[in-house]
Amino acid sequence: MAFLELQNLHRDFGTVKALDGIEIKLGEGEFLSLLGPSGCGKTTALRIVAGFDRPDEGRVVVDGRDVTHVSPNKRDMGMVFQAYSLFPNMTAAQNVEYGLRIRRQDKSARRKRVDDLLELVGLGNAGNRYPHQLSGGMQQRVALARALAIEPRVLLLDEPLSALDAKVRVQLREEIRRIQLELGITTLYVTHDQEEALSVSDHVAVMYRGRIEQMGSPAEMYSAPGTPFVAEFIGTMNRLEGTVVEGGVDHGGRRLTIAAAGDRPRGQRVLVLVRPESVEVTQANGSGGGNTLVGDVVTQTFLGPVTRLKIVGDGVDVIADVPTQKALALPVGTRVAATVPADGAQLLELKEDLPVVAEEELPAGR
Amino acid sequence: MAWLATLPFFAYTILFLFAPAGSVLVGAFQGKTSGYTLENVRTLFHSPYIDAFKTSIEVSFVTALIGAVVGLLVAYAAIRDGTPRWIRSGLTTFSGVAANFGGIPLAFAFIATLGPLGIVTVFFRNRGWDPTAHGISLFTKTGVEITYMYFQLPLMILVIAPAIDGLKREWREASSNLGASQLQFWRFVGIPVLMPSLLGAMILLFGNAFAAYATAYSLTSGTVNLVPILIGAYYSGNVLDNPHLAQAMAFGMFVVLAAMMVVYIPLQRRAARWAK
Amino acid sequence: MKPRRFIAPSALPWLLLAAIYFLVPLIATLLFSLKSNQTGKCCTVANYSWVIHNGDFWHTLKISFLLALETIVISLLLFVPTIYWVHLKLPKLRPVIAFLALIPFVVPPIVMVVGLLRFFKGSPDWFYAKPWGFLAGAYVILAFPYMFFSLDAGFRSIDVHTLTEASQSLGARWTTTLVKVILPNIRAAALAGSFLTLAIVMGEFTIANLAAFKTFPIFIQLVNETQGFPAGALTLLSFGITWAAMLSLLLVGRKRGARGAIVPATR
Chain A
66 MAFLELQNLH
76 RDFGTVKALD
86 GIEIKLGEGE
96 FLSLLGPSGC
106 GKTTALRIVA
116 GFDRPDEGRV
126 VVDGRDVTHV
136 SPNKRDMGMV
146 FQAYSLFPNM
156 TAAQNVEYGL
166 RIRRQDKSAR
176 RKRVDDLLEL
186 VGLGNAGNRY
196 PHQLSGGMQQ
206 RVALARALAI
216 EPRVLLLDEP
226 LSALDAKVRV
236 QLREEIRRIQ
246 LELGITTLYV
256 THDQEEALSV
266 SDHVAVMYRG
276 RIEQMGSPAE
286 MYSAPGTPFV
296 AEFIGTMNRL
306 EGTVVEGGVD
316 HGGRRLTIAA
326 AGDRPRGQRV
336 LVLVRPESVE
346 VTQANGSGGG
356 NTLVGDVVTQ
366 TFLGPVTRLK
376 IVGDGVDVIA
386 DVPTQKALAL
396 PVGTRVAATV
406 PADGAQLLEL
416 KEDLPVVAEE
426 ELPAGR
Chain B
9 MAWLATLPFF
19 AYTILFLFAP
29 AGSVLVGAFQ
39 GKTSGYTLEN
49 VRTLFHSPYI
59 DAFKTSIEVS
69 FVTALIGAVV
79 GLLVAYAAIR
89 DGTPRWIRSG
99 LTTFSGVAAN
109 FGGIPLAFAF
119 IATLGPLGIV
129 TVFFRNRGWD
139 PTAHGISLFT
149 KTGVEITYMY
159 FQLPLMILVI
169 APAIDGLKRE
179 WREASSNLGA
189 SQLQFWRFVG
199 IPVLMPSLLG
209 AMILLFGNAF
219 AAYATAYSLT
229 SGTVNLVPIL
239 IGAYYSGNVL
249 DNPHLAQAMA
259 FGMFVVLAAM
269 MVVYIPLQRR
279 AARWAK
Chain C
1155 MKPRRFIAPS
1165 ALPWLLLAAI
1175 YFLVPLIATL
1185 LFSLKSNQTG
1195 KCCTVANYSW
1205 VIHNGDFWHT
1215 LKISFLLALE
1225 TIVISLLLFV
1235 PTIYWVHLKL
1245 PKLRPVIAFL
1255 ALIPFVVPPI
1265 VMVVGLLRFF
1275 KGSPDWFYAK
1285 PWGFLAGAYV
1295 ILAFPYMFFS
1305 LDAGFRSIDV
1315 HTLTEASQSL
1325 GARWTTTLVK
1335 VILPNIRAAA
1345 LAGSFLTLAI
1355 VMGEFTIANL
1365 AAFKTFPIFI
1375 QLVNETQGFP
1385 AGALTLLSFG
1395 ITWAAMLSLL
1405 LVGRKRGARG
1415 AIVPATR
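Those protein sequences? They're chains A, B and C, same order as listed. To get this note's numbering, take the position in the first sequence, counting from 1, and add 65. To get this note's numbering, take the position in the second sequence, counting from 1, and add 8. To get this note's numbering, take the position in the third sequence, counting from 1, and add 1154.
None of these hints come from the bench; they were simulated from the model. Possibly wrong hints are sitting among the right ones.
Stated by the list, open to error - Below, a list of computed lysine-lysine pairs in the DSS-like style, where the Cα atoms sit at most 27 Å apart: (1) C:K1275 to C:K1334; (2) A:K139 to A:K90; (3) B:K176 to A:K139; (4) B:K62 to B:K40; (5) C:K1216 to C:K1284; (6) B:K40 to C:K1246.
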């Protein structure tokens, strides 16, 4: 039985459909990320769950109880905001203690719980500091401790790491996950960073324009994107347009052998999805043929263990990730042969024109 | 050597600010004929001078307190969610003007309202209840306080509005999320965060009323015993003939105001810190 | 909080209270200004006519206005280069000057005039006995906090260093840089400070009264004491002048970084 359910949520702001029929079922103790570009509705959905907004249609059900119209201070949920949410006139310890004071717990019990929680988030000896004396990362840890202090049934996080430095972000997201698993608390997490979502969640729901494009485990989302938007949004993907032919796909006049084309009707317009790491790259000798596309390396992007090559040729535009050592032998300007694996490619039916995903909607750091 | 360029500025402030201020200081301790004495300052502690100080301080305190509380409530009412934007802009604009609409014109405006022939007075009189017959008059300490509110209230609104803006919405939402009611939010977070700004504003209002001269002068023509009025009386040749007494009174005002400033500065620092 | 769509009921009484308290005296003044001196009843424009045809009205208005202009000019000449220089070369001095801007709180006009009269006693007549000397000198100090906060905000909103260095690298002298590059960029702040100064000087009574000069507010007080209803017309006119100055301030301030403290000086 689902612990947290969002049933057919609709929310309009004037003529804009912020939420267009959102359905989510989350089991107890599970961690779900709402992932999407800004404006997709993920924060709206979270705020409705928290009670800071009401849906025009639909329900929010927690542990069997309909809380859609319950005021936010009675929902027994803990929320971590993006920034600035710590009360400036209180120390870290006092902030964490706040929810317990409201619930009139007695002083010694409160004190102990606050100490335990600060210990849990790694701030055991920072309790007496004021928010303005804490770094961004530390502030968010306090915010987390504060939300957990009241032992909420659901933990809500609204892009808690967006305002922090990259290194702190990676560190903190792992800690959040660790704590969440330790406490077994049902968690709803909102982010626009796909790497973040994929690394810490049990489930990921990709949202776009008020709708859930696809929901599944991180591995599923990565290896089998269900829609062109998801394919573009999660990780980097080569998208080759084409038409299904006997045993493969016709891409701009070239016939690519694609195993997955077997169960599709001839003539269907499709997208061939190939991950950069699946593309084989070698020095070119000859003009290619079959699944091998020939072009020049126009850019090299150093990504650490792997280097990303952009290969452009006559009707050819692909991205390939190669081990950095190998990339040294293929500098910019080298003529190379990029081979699309017959088995490693996935096909998606192209029902309409590719969604024009605006540059700023794409996740950062691609 | 770069500081040389600031010389004209400092020379000017020395000439027109520090020297006169120092002059007051020196004069306060000078005897009528010659030499230095504490007599002037000692006299301040007797009637009518000490009464003037008491009245001035009382009037300033009352208008500062009421101005602060009412100003806060009015400003909050105008800024909070749900109130149309034009109300806030209108109030801020008007406050900007009204804070400067003091002195002589203001006194007349209140005489026209609450004076013996004022429209409000006449309004009640026509309905059978004559305020003047009951001894209620504008030209009293209370009347001065009511009039002073006309520039105290706008000043408060102008000063506290940025502080109210600084109350981040995240704090209210976090507080609610943690189970607190609206009242609890104000008690534990809202008011404490506003407190330095509130106290700072009160001090500003106090100083504002304490130093006011023109309004009281025009309103009461000397019937209410306030320190600025008493000082002015010397210069119109009425009462005192000892200039050093007037200087001692000015010095006394300076002391009161300096004491306020000593409290004000750390408060401002605190308020600025929490605004981050 | 669920965003409210309508005004909170608990907000209404306060807003109404404020509206009534602020508007009634203005309405009273208007009604008084329309009452005839003979009959004591509405409605006539005789009072306004009296004001407009009164020689002293124009005379004192002119004096106050010129005094304001003089104060503004001296203030700008004195403060703009100084604040520019401080922002550019002496940032450590800025808190000192900001502190000085608080002094007028501790030395208000009533205290200042006592000191001024004593300190400058015996100084030559062209200074001591003329508003253009004594009063203007004092008014520049009165205007200082407002000028400072306006100009300071203006300077903080532009990149003083980059502009200056760019100008100098193109060969300009200090004066050229100041006049052709810096000044146009802080125009809004300077105008804001100027309008505030205008409002202050046009309404300043304390110093003028104790030092026995005949400025516009002095004239208003005289009329208050001697005439009845014409004082109403005069009061509204003077209020209108303050309004005009403040509205100009707002219009100008809507551009860049021209926010200054809007604190009363006429009380």
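Each hint tested on the structure:
no. : hint               : in the structure
1   : C:K1275 to C:K1334 : violated (42 Å)
2   : A:K139 to A:K90    : holds (22 Å)
3   : B:K176 to A:K139   : holds (21 Å)
4   : B:K62 to B:K40     : holds (26 Å)
5   : C:K1216 to C:K1284 : holds (15 Å)
6   : B:K40 to C:K1246   : violated (44 Å)
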